[in-house]
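Please put together the full structure from these sequences, using the hints given.
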Amino acid sequence: MQPISQTNGKINLDPDNAEHGLAQLVLTVVELLRQIVERHALRRVEGGTLTDEQIENLGEALMNLEEKMEELKEIFGLDDEDLNIDLGPLGSLL
Amino acid sequence: MEDLLYLYGLIPAEEGGQSLPDLKGFDGIGDIYTIPVGKITAIACNLDSEMYSEEMLKERINNDMEWLQEKAFHHHETVLKLSRIYTIVPLKFCTLYKNQDSLNTAVTTNEAKLISAFDLIKGNEEWNLKIYSDDKLLKKQVSENNPTIEAKKEEINQLSKGRQFFEKKKLDKLIESELEAEKNKISEKIHVGLKEYVLRGDVKKSWSNEVTGRKENMTWNGVYLVSKTKVEPFLEEIQRYEKYMKEDGWKFEATGPWPAYHFTSF
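Which chain is which? The protein sequence lines are A and B, in order.
Residue numbering for the first sequence follows my numbering, starting at 1 and increasing by one per position.
Residue numbering for the second sequence follows my numbering, starting at 1 and increasing by one per position.
Fair warning: there could be bad hints in the mix.
Below, computed lysine-lysine pairings styled on DSSO-like, alpha-carbon distance capped at 30 Å [stated by the list, open to error]:
#, chain 1, residue 1, chain 2, residue 2
1, A, Lys68, B, Lys168
2, B, Lys153, A, Lys73
3, B, Lys92, B, Lys130
Some chain B residues close to chain A (C-beta under 10 Å, calculated; not the full set) [said to hold, decoys possible]:
#, residue
4, Lys161
5, Arg163
6, Phe166
To be clear, the hints were calculated from the coordinates, so they are not data collected in a lab.
All C-beta atoms, glycine included, are put in the ideal place defined by N, C-alpha and C.
What follows is the structure, encoded as structure tokens:
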């Protein structure tokens, strides 16, 4: 598969290359959600309200999710920059 | 209606005697010319007040990128050419006066300030130094050479898998902040080192990668007022930094001489 080389934060929806563009779009959204979940989990862990077991389970689940994301990025020939989006005043996602 | 005056810059009256280069004005039709105002000479051009009304200019600046680019380039090029000939206090893009009376009043009111600005910039040049860093490379160095981070890594290895995940994320944050601190420390050291060669040095806001179009992050954006006789050693010093720091992911970009925008104001 051809990697999507663009790094300007734009989604490539070229008709001849639509599946790549779509994969990039879907993975960008998934990555955004994953980051939100991860940040939220980190806050809860730091908040000290979770049991050791809950922390352990949450940590493992997020680690697996991160690994899965890496695999998907590799399959679709995308790197971190391709999944980066500008969140306006909040800065960039990655 | 009377024409407007578009102002490019102000020079000392004693330099106003030199012949002005043949340069077209803002509308591309009229020529630029000098207007003596006491001890100061203004360099300006006329603009049709109907064609270049405040509303029209605002509209063009906000909505016509092509026009803005062309005119901003014209302003910059004109001021740059003038700055090679005269000791000039450069004016901001689109500085307009209603008529010569309002220009006279503005110049006269600021005469003392302008004369001290001429004294400051005469025989000196404004240079800009942008320092870029390859953060991936630096991050690696920071995380490998920092004893606090090393110890933390050891500690994390002893933890269970789930805990490790969270601790690694926290460590990443720590490395990021250490990296920023390290980058600032190094850049500041260079800035202080360069002060030996300059009359004044100021720090400006670094530009984002979107503006620079570069992969590396801009770590430092400094402006320096350098005596013409010190420009060469100043640039050589920057080259020396570049030579020693290149392999560690640092890049230096010195540009100039620029009109002294940062060391004068009107």
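**OP:** State the violated hints by number, sorted upward, taking the hints as numbered earlier in the document.
**Re:** Violated: none.
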